[in-house]
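**Q** What follows is each chain in one-letter form.
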Amino acid sequence: DGGITQSPKYLFRKEGQNVTLSCEQNLNHDAMYWYRQDPGQGLRLIYYSQIVNDFQKGDIAEGYSVSREKKESFPLTVTSAQKNPTAFYLCASSSNQGVWTEAFFGQGTRLTVV
Amino acid sequence: GESVGLHLPTLSVQEGDNSIINCAYSNSASDYFIWYKQESGKGPQFIIDIRSNMDKRQGQRVTVLLNKTVKHLSLQIAATQPGDSAVYFCAWDSGYSTLTFGKGTMLLVSP
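Chains as they are written, first to last, in the numbering used here: chain E, 757 to 870; chain Z, 961 to 1071.
Read the hints as simulated data drawn from the structure, not as lab findings. Certain hints may be false.
[Claimed, not checked] Derived pair list, reagent style PhoX-like, types lysine-lysine, alpha-carbon separation capped at 25 Å:
1. Lys770/E to Lys839/E
2. Lys765/E to Lys997/Z
3. Lys765/E to Lys826/E
4. Lys813/E to Lys1016/Z
5. Lys827/E to Lys1002/Z
6. Lys765/E to Lys1028/Z
7. Lys839/E to Lys1063/Z
8. Lys1016/Z to Lys765/E
9. Lys1063/Z to Lys997/Z
[Unchecked claim] Non-contacting residues of chain E with respect to chain Z, defined by C-beta distances greater than 12 Å in every case (computed):
10. Arg800
11. Val808
12. Val870
[As the list claims (entries may be wrong)] One side of the interface only, derived from the structure: several residues of chain E facing chain Z at Cβ under 7 Å:
13. Gly759
14. Tyr804
15. Gln806
16. Ile807
17. Gly819
18. Trp856
19. Gly862
By construction, the Cβ of each residue, glycine as well, lies at the ideal position given by its N, Cα and C atoms.
Only chain E is shown next, with the shape it has when bound in the complex (with noise of 0.2 Å):
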């Protein structure tokens, strides 16, 4: 089946500690996308990549590292510099071949700081 996978769903992370999160997409989408949400706050975009090899910082960077070597991958670091890095985080992908079309959704990775 075609679609985007976020691995893991659940991920623990110590203080000071560096934690990745996966995402894969088998849509052959040029746009990948990395949101973070938190309650009453709706979907901030943390980064964007829309070719291999090239990403944007988003509203909410800051603490964060990403790569696109693939373009079926586009993995999330969530670094010791992130100071509230608790959040459930959300990965996209569209096609965005020069018209608007919608973004397609994981089911998300739930990090919490213990």
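Given chain E, put chain Z in place with the hints provided.
**A** Same frame as chain E, now just chain Z:
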């Protein structure tokens, strides 16, 4: 399951009623608007979209209305069912190849 929003506006309706969820967007230059449904602990699912050259679009049991003059978007759900209970987000293109999301509205449908 986990709640996706503890402080969201909430719309409570009875099964069979029609529901109207509203959204104010901020970018007057936006060309594309979309509604998503998010169930607890899951990723958002596409419901319906509309482009700026339209003011109304209908799907199965859903209608989206766009008023560009006042930057307002609404989602109408006909004959609301308990399975429609979820958080609904509007989103719009933000002018730099990404979507900006509204804060969301929780819809609660009572049997």
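**Q** Which hint numbers does the structure go against, in order from smallest to largest?
**A** 4, 6, 8, 10, 13, 16 and 17
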